[in-house]
Amino acid sequence: MGSVRKASAWLGLVDDSDDERYYGGYEEDSDEGPETGDSWVTNPKVRVADEVAQEQGTRIATVTPDGFRDARGIGELFRAGVPVIVNLTSMEPSDAKRVVDFAAGLTFGLRGSIERVANRVFLLTPADYKVVSGEGNRAQGGFFNQS
1 MGSVRKASAW
11 LGLVDDSDDE
21 RYYGGYEEDS
31 DEGPETGDSW
41 VTNPKVRVAD
51 EVAQEQGTRI
61 ATVTPDGFRD
71 ARGIGELFRA
81 GVPVIVNLTS
91 MEPSDAKRVV
101 DFAAGLTFGL
111 RGSIERVANR
121 VFLLTPADYK
131 VVSGEGNRAQ
141 GGFFNQS
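The sequence shown lines up with residues 1 to 147 when you count with the numbering used here.
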């Protein structure tokens, strides 16, 4: 198994099966086509964890909307109890503002919370989730302050 394939298997993006052939270089027999299974997610707008995570209820969705028309997908995921990371970096500022307003109303109506993670990236969490900030340890001196 190649290093990229191993990393993909470790991240849970592809099935980890030991019976696959290892190719040290390029594959010469071209009669095998690309994988047609559902192991790779090809839609960059919405990525949800694999089926085991769905069964356990430990899913987090990442949504990169193109316009305000994609807000419905954000709402459906959030209403299902899935935390949603909304990346608005590829949107026009006016549409991004509308999506943030929609998300704020959505989280208020369902008693969730909205937090800014990065510039134009927001995390929507349902009411039964708690976001823990890693900055609390810095105020107490942190790990590297051993003086």
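Watch out, some of these pointers could steer you wrong.
[What the hints assert, rightly or not] FRET-style restraints, in silico, Cβ to Cβ:
1. Val-121 - Arg-72: 11 to 21 Å
2. Arg-98 - Gly-2: 36 to 46 Å
3. Glu-92 - Arg-72: 39 to 49 Å
4. Phe-108 - Ser-133: 38 to 48 Å
5. Gly-2 - Lys-97: 13 to 23 Å
Don't read these hints as lab results, they were simulated from the structure.
Since this is a predicted model, take the numbers as computed values, not measurements.
Here a beta-carbon is modelled for each residue, glycine too, at the ideal position from N, C-alpha and C.
Query raised in the report: Going through the earlier hints one by one, which of them does the structure break, listed in rising order?
Result: Hints 3, 4 and 5 not satisfied by this model.
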